[in-house]
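Student: Going down the list, the protein sequences come from chains D and E. Heads up: take any position in the first sequence, counting from 1, add 315, and you land on the working numbering. Heads up: take any position in the second sequence, counting from 1, add 2, and you land on the working numbering.
The set of hints was computed from the structure by calculation and includes no laboratory data. Hints are not guaranteed to be accurate.
Each computed SDA-like pair below joins lysine to any residue, with the alpha-carbon atoms no more than 20 Å apart [claimed, not checked]:
hint: 1; chain 1: E; residue 1: Lys85; chain 2: E; residue 2: Ala381
hint: 2; chain 1: D; residue 1: Lys463; chain 2: E; residue 2: Gln58
hint: 3; chain 1: D; residue 1: Lys363; chain 2: E; residue 2: Ile184
Restraint ranges, calculated between C-beta atoms of paired labels, are given here [said to hold, decoys possible]:
hint: 4; chain 1: E; residue 1: Trp136; chain 2: D; residue 2: Leu347; range: 43 to 49 Å
hint: 5; chain 1: D; residue 1: Leu327; chain 2: E; residue 2: Ala494; range: 17 to 23 Å
hint: 6; chain 1: D; residue 1: Leu353; chain 2: E; residue 2: Leu256; range: 38 to 44 Å
hint: 7; chain 1: D; residue 1: Met436; chain 2: E; residue 2: Asn352; range: 49 to 55 Å
hint: 8; chain 1: E; residue 1: Gly106; chain 2: D; residue 2: Lys399; range: 20 to 26 Å
hint: 9; chain 1: D; residue 1: Met324; chain 2: E; residue 2: Trp476; range: 35 to 41 Å
hint: 10; chain 1: D; residue 1: Met382; chain 2: E; residue 2: Arg286; range: 35 to 41 Å
hint: 11; chain 1: E; residue 1: Ala494; chain 2: D; residue 2: Met436; range: 45 to 51 Å
hint: 12; chain 1: D; residue 1: Ser398; chain 2: E; residue 2: Arg506; range: 32 to 38 Å
We treat Cβ as the ideally placed atom computed from N, Cα and C, and that holds for glycine.
These are the residues of each chain, in order.
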Amino acid sequence: MLSRRFEIMIGLSVIAMSALTLFWLIPSYVALPQRPPLRALAPSFWPKIVSWTMFLCGVAMTLRAAMTDPPPDAIVDDQSLSSKELLRLAGLALILAVVYFTLPIFGMVWVCMVAFILMVMMTGRKYLLVGIVVGVMLPLALYFFFSKVAGVAIPQGQFVRLP
Amino acid sequence: MTFLESLSAGFVLVAQWQSLFFLALGVLIGVIAGAIPGMSATMAVALTLPFTFALQPIFGILLLLGVYKGGIFGGSIPAILIKTPGTPASSATVLDGYPLAEQGRAGEALSMALYASCLADFISNIALIIFAAWLASFALNFGPPEMFTLIFFSLTIIAGVSGDSLLKGIVAATLGLLLSTIGLDFIGGTERFTFGSVDMRGGLNFIAVLIGLFAIPEIISYIRHPGSRDHRVRTLGHSKLSWFDFKRCLKSILRGSAIGVFMGAIPGIGAAPSAFLSYSEARRASPNRKNFGKGELEGVAAAEAGNNGVAGATLIPLLSLGIPGDVITAIIIGAFMVHDLTPGPLLFQNNADIVYALFIGLIASSVLLLIIGSVAIRAFRYISDVPANLLFPGVLILCIFGVFAINNSIFDVAVMLVMGVVGYVMLLLRFPAAPFLIAFILGPMLENSFRQSMLMSRGELTIFFRGPITILFWCLAAASVALIIRSTVREARSKRQSAKAAKRATSDGLE
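The following block holds chain D by itself, in its conformation from the complex (with noise of 0.2 Å):
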């Protein structure tokens, strides 16, 4: 259960991205036809009836955990990360980012593999030998899938290109 501060937080949070959809992004990205036959038809009318469902979903969600007894301290989820886990999830996190920004340059095996490795020193480094070999075995074996069973074209990147 979390705590009458976080729940009001998450209604608030609610609130606030229903108005930003109903106030700034559909009036700023939905594109309207001139003249749209009926107003159940314009293409912003489906959005705005979500976004307002969301938007009275997001008071009800404040206005419960305003009003109601907060929970008590020993059944609230302490919701409080600890500098390890802030730097394994922010080691995850540039992983993940340099993954996807560097796969069209050095192609998806390599940098699956790397990833892979990288990911196993990361929670301990059990296993790293068979880590390593999974690290770099899995990926081609991945390629070989999809490349000549699927017909998927892989990117290979622009350095050192697979068969």
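Dock chain E against the given chain D, drawing on the hints supplied.
Tutor: Below, chain E alone, put in the same frame as chain D:
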């Protein structure tokens, strides 16, 4: 095509060795994935989906159905041996399965779980064969207003039963509906939320969204708490399940199967509530009710029958109406879409051979599950020993290759990673992911049927009350909302009472 012609055409499709091979492979993958703590049947089906692109439609769909069936049973193995349900639906199996394992009777519990699963699965498949075609022929009369009210009714159930908080379920569903509007508007062809990106014009890829939502959060959770997957495995023991014990539990298995079929046919309820209902009914009716929770074979049988009885029945709304009954069937819709098949009443008209091949394949899957499951029980020690620090990086690599393979698009990989972060935040904030995904799938159908109805009636809302079918669905939706509100109020009341009790206990402790 007549019934017999369709049946024989289906039989010709299944009679190929590849059909049985992919079905058996699917069951094997499912059992292994279900048995690995940290993997789930949902994740296994999602990860297998990209491998079906290269296969013929029937082989691909049979592979996925095999994974589904195997995964549901596989979840019971860690539930009994290490007190960790492999799937949420196996939670009820833990109640009696683990105490039996502690008594050195894990072999008996696992055998009972296997036999109950296979029997319930078989009964569920028969129900699917009987009811799906009948429901599909009824649904052929549905026009856009009927489809709109039907999908609306399905969404009310799905948003309501998929989490602790009704409001959070609805918010998750609205988020899914909103994301489904990204891309070109299908009536006017104008852009919606594409932010000028060409990649966004086709909308977000459904498979990238679902893999991101269900696989990536597990990887992030593991990286955050790498030690959380350590566990202690109980041995199988030397005891064997006797015919007398099986016969004693048969009534509970049949009752559980019936409960599973009934609850599986209603979209959104899923296997976990069915397993718990079957378990509680068995406890209520059993002469050994005092043993329940302490290691009673009947408890394992009832939980597994309720759990597996859902498996075939969830395909009833999927195949006949095109509405996914749960998250796994929502993923299976992806396989149909990839192969240009649209589940729904027209599938029975246009692709009757595939439908009947699936029916025959499902029956065969029950037999294959019996064979593969009994081997998997003995091999569990090796399966569960897969180190988590190799498993989760492997899952990430599978996700990247699989998602890229859908459209040869790196943009889809980005969608998957972003949805993974969204899924993890939802997990932390206790938002259920299932209503999000199902609303994402049903969103375009809901909007399309709404706008088609508006076009037909020139803006008159009365079209949504035009006949007995629409009125029936409105009544069902109203009843479902009323029931959800009632159960939410009751739950909130019981939570308040337990919070008060905890508060009193804390203050007593301080004094």
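Student: Kindly confirm whether 49 to 55 Å is satisfied by the beta carbon distance between D/Met436 and E/Asn352.
Tutor: The hint (49 to 55 Å, Cβ to Cβ) holds, given that D/Met436 and E/Asn352 are roughly 52 Å apart.
Student: That 20 to 26 Å hint for E/Gly106 and D/Lys399 (C-beta), does it hold up?
Tutor: violated, 39 Å
Student: Take a quick look at whether D/Lys463 and E/Gln58 sit within 20 Å of each other, Cα to Cα.
Tutor: holds, 16 Å
Student: Indicate whether the distance between the beta carbons of D/Met324 and E/Trp476 respects the range 35 to 41 Å.
Tutor: Check passed, 36 Å falls within 35 to 41 Å.
Student: Check whether the Cα positions of E/Lys85 and E/Ala381 lie no farther apart than 20 Å.
Tutor: holds, 17 Å
Student: Could one say that the CB atoms of D/Ser398 and E/Arg506 fall in the range 32 to 38 Å?
Tutor: For E/Arg506 against D/Ser398, whose Cβ atoms are near 36 Å apart, the range 32 to 38 Å holds.
Student: Taking the beta carbons of D/Leu353 and E/Leu256, is their distance inside 38 to 44 Å?
Tutor: The hinted range 38 to 44 Å is violated for D/Leu353 and E/Leu256, with Cβ atoms some 53 Å apart.
Student: Do the beta carbons of D/Met382 and E/Arg286 sit within 35 to 41 Å of each other?
Tutor: holds, 38 Å
Student: A range of 43 to 49 Å was offered for this pair. Does it hold for the Cβ distance of E/Trp136 and D/Leu347?
Tutor: Given about 44 Å between the Cβ atoms, the range holds.
Student: Can the restraint linking D/Lys363 and E/Ile184 be considered satisfied, given a maximum Cα separation of 20 Å?
Tutor: holds, 13 Å
Student: Cβ-Cβ distance between E/Ala494 and D/Met436: within 45 to 51 Å?
Tutor: holds, 46 Å
Student: Given the range 17 to 23 Å, decide if the beta-carbon distance of D/Leu327 to E/Ala494 lies inside it.
Tutor: Taking Cβ atoms as reference, D/Leu327 and E/Ala494 lie about 20 Å apart, which means the hint holds.
Checked against the numbered hints given earlier, this structure breaks hints 6, 8; the rest are met.
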